[in-house]
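Chemist: Protein chains in written order, with the working numbering: chain A, 1 to 793; chain B, 794 to 1586.
The hints are simulated quantities; they were obtained by calculation from the structure and are not laboratory data.
Be a bit skeptical, because a hint or two may be false.
As the list claims (entries may be wrong) - So the derived label-pair ranges between C-beta atoms look like this: (1) B:E1180 <-> A:S220: 55 to 61 Å; (2) B:K1513 <-> A:K718: 28 to 34 Å; (3) B:M1477 <-> A:E620: 27 to 33 Å; (4) A:K718 <-> B:D1575: 42 to 48 Å.
Unchecked claim - Per the computed footprint, the stretches of chain A lying under chain B, defined by three or more beta-carbons under 8 Å from a beta-carbon of chain B, are: (5) 124 to 130; (6) 487 to 496; (7) 548 to 561; (8) 692 to 704; (9) 773 to 781.
Each residue gets a CB set at the ideal place from its N, CA and C atoms; glycine is no exception.
There are 2 protein chains.
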Amino acid sequence: MSDQTNVLSTEELGKINAYWRACNYLSAGMIYLKGNPLLREKLKAEHIKNRLLGHWGSDPGQSFIWVHMNRLIKKYDLNAIFISGPGHGAPATLANSYLEGYYSEVYPDKSCDEVGMLKFFKQFSFPGGIGSHCTSETPGSIHEGGELGYSLSHAYGAVFDSPDLIATCVVGDGEAETGPLATAWHSNKFLNPIVDGAVLPILHLNGYKIANPSILSRISHQELEYLFLGYGYQPYFVEGHEPELMHQKMAHTMEQCITEIKRIQKEARDSKKAVRPKWPMIVLRSPKGWTGPKQIDGKKVEDFWRAHQVPISNVTKSPKHLEAVEEWFKSYKPEELFDESGALIAELKELAPTGDRRMSANPHANGGKLRKPLLMPRFQDYAVKVEKNAHEYISPTHVLGTFLKDVVKKNLHNFRVFGPDETASNKLDAIYEASGKTWLADKLPEDEDGGNLSCDGRVMEMLSEHTLQGWFEGYVLTGRHGFFSTYESFVHVIDSMFNQHAKWLASCREIKWRAPISSINLLITSLVWRQDHNGFTHQDPGFLDVVANKSPDVVRVYMPPDANCLLSVADHCLKSVNYFNVIVSDKQDHLTFLDMESAIAHCTKGIGIWDWVSNDQGVEPDVVIACAGDVPTMEAVAAVQILNQKIPDLKIRFINVVDLYRLMNDREHPHGLRDSDFDSLFTMDKPVIFNFHSYSSLIHKLTYSRKNHSNIHVRGYKEKGSINTPLELLIINGVDRFNLCIDVIDRVPHLQRTAAHVKEWLKQQILESVTYAHTEGIDRDDIRGWKWEGKQQ
Amino acid sequence: MSDQTNVLSTEELGKINAYWRACNYLSAGMIYLKGNPLLREKLKAEHIKNRLLGHWGSDPGQSFIWVHMNRLIKKYDLNAIFISGPGHGAPATLANSYLEGYYSEVYPDKSCDEVGMLKFFKQFSFPGGIGSHCTSETPGSIHEGGELGYSLSHAYGAVFDSPDLIATCVVGDGEAETGPLATAWHSNKFLNPIVDGAVLPILHLNGYKIANPSILSRISHQELEYLFLGYGYQPYFVEGHEPELMHQKMAHTMEQCITEIKRIQKEARDSKKAVRPKWPMIVLRSPKGWTGPKQIDGKKVEDFWRAHQVPISNVTKSPKHLEAVEEWFKSYKPEELFDESGALIAELKELAPTGDRRMSANPHANGGKLRKPLLMPRFQDYAVKVEKNAHEYISPTHVLGTFLKDVVKKNLHNFRVFGPDETASNKLDAIYEASGKTWLADKLPEDEDGGNLSCDGRVMEMLSEHTLQGWFEGYVLTGRHGFFSTYESFVHVIDSMFNQHAKWLASCREIKWRAPISSINLLITSLVWRQDHNGFTHQDPGFLDVVANKSPDVVRVYMPPDANCLLSVADHCLKSVNYFNVIVSDKQDHLTFLDMESAIAHCTKGIGIWDWVSNDQGVEPDVVIACAGDVPTMEAVAAVQILNQKIPDLKIRFINVVDLYRLMNDREHPHGLRDSDFDSLFTMDKPVIFNFHSYSSLIHKLTYSRKNHSNIHVRGYKEKGSINTPLELLIINGVDRFNLCIDVIDRVPHLQRTAAHVKEWLKQQILESVTYAHTEGIDRDDIRGWKWEGKQQ
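Isolated chain A (complex conformation) (with noise of 0.2 Å):
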């Protein structure tokens, strides 16, 4: 076999040193320049752009990997993606597309010539233009570039279920030290060699973020070595800054760790034995700005914190650094690279793969050519069967388990679950008798006692949020579907995830050539209101605020009540695309208030009176009781029972809510209501008393602009909670049945006044039962067996 100094012959290394100096070329000239793109003239300060912006530091480092795979990909016919952790230094990825003629196709005006070359640079970092990290706008990218964090869960949900694609992923060594990357690397224990494909983690010691060296360039080769063999990998170690040398250890070290893939998939898929391997890494140590300036006004640039973005600045003034950016560029010889058109020149172009085998152009870089939809059973076949509303307890999401259990049967290899250790805690378990949890870490013959560990398991635990989401969205990314059920209190650990995500998906709404993928379904559960026996830090329900901050285009929130519902609402939400779907629902027992054909037409609709419960019928109702969540739902039913035995003159409307984005107004969300459908809903002029599961300010947001606003009274989690029975913990919030009777009473004219004692009572009843929660503890008639004994439907 070849050595590290010999594996490209003479023409080769020098074809491929050429084809990196054109990806640098255009990546430096998409920093600086808006004329004279092949510096075809001498560079004047006109041709600078007025503002410059990007990154260099990484944009080297990158391109070099790059090239060095598109010879493997050519040579062994891989499918391979390319997802670039160091993301600002998008001009890498943008120069490989661009040189591959991707970039061309797609957006045409950009086109492989001098004309086409100079839009391309223009655009960049440029007002009405493109980032400068890798968004979505990026082709070959389904990683934005702007968080760091996240690249190797991208990288490793890319190629669950894709036996054949190799996912080449750039780690930063900045972004190596964020807590969701340090973790990600673990994601080898839930890799299967037979069914997954490989990642090949590079990271990339670039030496220095933006103006701090990074931990893991300052520890010693031993340290680096061992934390890699400790993290279950075989390190590869490619170090130096002479480019010629450097391409042969390159191409010499990833044929090694390509074969060694190549070795470990063919080991297993022969033997049908799913092991964890070594799987190979490489530890990449460059200069940061490598080829780029050594130094400028005598300090020190390459190599240095100095070369992280702009290398040279202050272009347009100084006629010094504008010779010294010409010298830069120059440096790598355009003439050369370049034909007179201004394309790639053709013994150069050959050295990237073609057609889908270009990593710009793999469509799993564009997931949605890839979906499949999924295979759907009939959701109403897992109803709960409802003989009388609201009597009988069910925990919902124990009946959607049952359902997803068939989903997974029916799309194996196309569908995954995940949850952070809880998918059992959260009722799910069903799941396990289609498919089990991948494990590839050791096992222990007592795994066996219900432990449901598979090599190539369809659901996907471990205990950190980042990572999961992190798989979800590589999965999704590259056209697959899922299902991830966590803790509402912790799911904030992924606020800034869910951010960027729902970003991706809005501006992915204006690139014509990304196709529909599926849509991330993450099912909140284990909710406040039954977080009684945990306490304090485990109530938060505030992620709704995060979420309703992003663009209506793309997020949407239901609260189905009951179990019926949730595998309605389930059922329209795996079948969608680009969209963030959260579902909130808890994992207790709790009423089915719905048979399943009104639950479809309920959440068919989104929010609806329920007749059964109201008693408004051909009258205008005193009041509108309205609710969303299952706790608050059921709170309001039991307080409408306590309101018609002890008042029962006073005429009820019910309404609730499933589809929260229904309550907004339908010019600011496509699930808004319109105006007049929503005053007729609830009324003009009547009291409003809404009882909601999370924090009362997000009604109010979304139903601002309505009439009747004013009249609008919310309760919901007030930040009051520490242990508890699940009765005392809706009492100091304020929406138990006893307390929204109360709050009936002091809206609705005269009540005051006629029912003062059924207000005593109620006041009684909160005292005892806090009483003998504290004494017990226990509820006094325990909540979670109470029944509706009104009217049926």
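Chain A is already provided as a structure; the job is to place chain B on it using the hints.
Modeler: Only chain B this time, still in chain A's reference frame:
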């Protein structure tokens, strides 16, 4: 030296094991018992709690660590605290705190006798009582144990600048899978053996999470060893299940580690050379639910996931289970451990340290006790001179940096500054004149060139917001002060940490024995309105919505409009206690609106009319223009200038808000304005155009109950942005001067008719601005140079 089998004499071994039995007995007791605490009569169903809650699994292992630490505290007079990463195992911390007597000191009714023990048992996970994880109510704890992942960063934060302190940090193997924990191991690159104390991390390989094996317990011994060598530690392994042997191993190993820590510290302190050593850490592999029931109903419990929470359930109804509980409890022989009164026998009591040396009573774990107020320079001395209002530009954070520099100087080893690789980028680099950045990883000669690296820096930079926030929390919870600056768009990374710390502070208000601690001071900078160049993904001002969901008692939000106001606000925040202060201020050059004297007056009020921008003196205004935030304030002032020119008769009142909670009602927030004061500022019926930094709904939320609310029209970030110029970004979100003027024209009666030509002119300005931006890449008239030409103060 002793070896692993004989470090403890038989007598000492017996005592230590007996003390440990007492811990385990108490841990189990608090999960199960509401009567018969010492098992002095036969166990009956009526002694068992009605609802069984709590986590048994990690308790014995954690107590095992605690009792062995006790031995060394006594032997070497160590100053140590205990941080419980697997925080749901609070029974271990609680049991030890009770045995040491400190629990009874702070909660006298939980006395060291049978009556007190019963109360101690019953309150656990009981309505009105305490939680099942380490909450603020737990003496000896600074670490909320509900959400996992922050134990190690808290531990490091605690020992920074406390050279004698040792933080015994138990890291759960579940928690170890989280991202924040996985990167926190690198904290050792920031620990100085001379000025800082030491962390002794103990990875507790308990084997299982709720339902799954933990990853680190299922990789090879060699991989585990490599991993911690790679992280830069020297791992020591204590593995087994036989108590006597394990006691010997643990006593030997912990002593080895403590000796090693002392050697490292002595060497560094004697030589005055701070280098990064291989700090010791321990891997403790012990059975989950150790010493608990081996099996129940024929199913494996000890050393399995079934031991995670309540190992034997259904106790009141199953006599067999009741019997199993009794057998298990009696295995600890409580009659040998507690005397007639129910107190721990004297022979065992003497095993624990006394006074402040008890880990439950160590004042570092109640940091307010040690807290010394900062020595503050006069912030007025750093004021920007203002000849004319709104005429000169300066970076507010740069000015703040000059002030913080002297705060650092005056408070060396009592104050630290935190930032993710961004202190310089955030323009706070003046601080480096006082102190560099802590860095104990390797250095290179080139670091002398502006690197500002120091082994004893006051500035903490790592590309992990999680680790920084964890350090900061640990630092203030142990009695010190700090300041954290971070990018606005990515502060969502620590949403969940914010939530937990805010909840910690809120619950501490009810705990008399906890002394006040310094506030967390979080500067959010690199704000949305100057992320025109980074684009959409870098634009998210929504952290404030997360903040506003938390208890008004503990959160504060300040939006100083300029440098002088920022100084005043920062001074106020640095002196405060028990808050989470959020300061929103951009790093770019911005207008200075107020001289120092006016700034102080304005910030003291928190909200106020700016007379020099208003022209309604002596008359009712036609419109109120209000604003909060630096750029929105500039645009609002610029809008007034346009309106004054174009519609000179229009009477405008101009209001600026610094303290966001002034907008709230005084009944809802301690900073809230009384209704009468709000009405006199905002009028009862005039249109209010409010230009807001963040999403507009927050202003509606805060002003919801105000009389003039329906006339308040808020402009804010609308989730619109790509690559823009500063002005274009404002325009597409409607917060720019031109759109504000249009808002005024649209809302002031008659102006729609009389000022139609002005509106046309404004629309033309907008169109031309955007066209210019897309052509030239910069603003037409760079708004970053705009000046107020109106009257002066």
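Chemist: Against this structure, judge whether each hint is valid.
Modeler: Tested hints:
1. A hinted range of 55 to 61 Å for the beta carbons of E1180 (chain B) and S220 (chain A) is consistent with their spacing of about 56 Å.
2. Checked against the hint of 28 to 34 Å, the pair K1513 (chain B) and K718 (chain A) passes, with Cβ atoms roughly 33 Å apart.
3. Taken as a hint, the range 27 to 33 Å holds for the pair M1477 (chain B) and E620 (chain A), whose Cβ atoms sit roughly 31 Å apart.
4. Distance hint check for K718 (chain A) and D1575 (chain B): the Cβ-Cβ separation is about 47 Å, which falls inside the suggested range of 42 to 48 Å.
5. Chain B is given as covering the stretch 124 to 130 of chain A, and this holds because 6 residues of the stretch bring a CB closer than 8 Å to a CB of that chain, at least three being needed.
6. Chain B is given as covering the stretch 487 to 496 of chain A, and this holds because 6 residues of the stretch bring a CB closer than 8 Å to a CB of that chain, at least three being needed.
7. Counting residues of the stretch 548 to 561 of chain A whose CB lies closer than 8 Å to any CB of chain B gives 4, so the stated coverage by that chain holds, three being the minimum.
8. Requiring three or more residues with a Cβ within less than 8 Å of a Cβ of chain B, the coverage given for the stretch 692 to 704 of chain A holds, as 5 such residues are present.
9. With a threshold of 8 Å between beta carbons, the proposed coverage of the stretch 773 to 781 of chain A by chain B holds, since 5 of its residues qualify and at least three are required.
Hint check: no violations occur; every hint is consistent with the structure.
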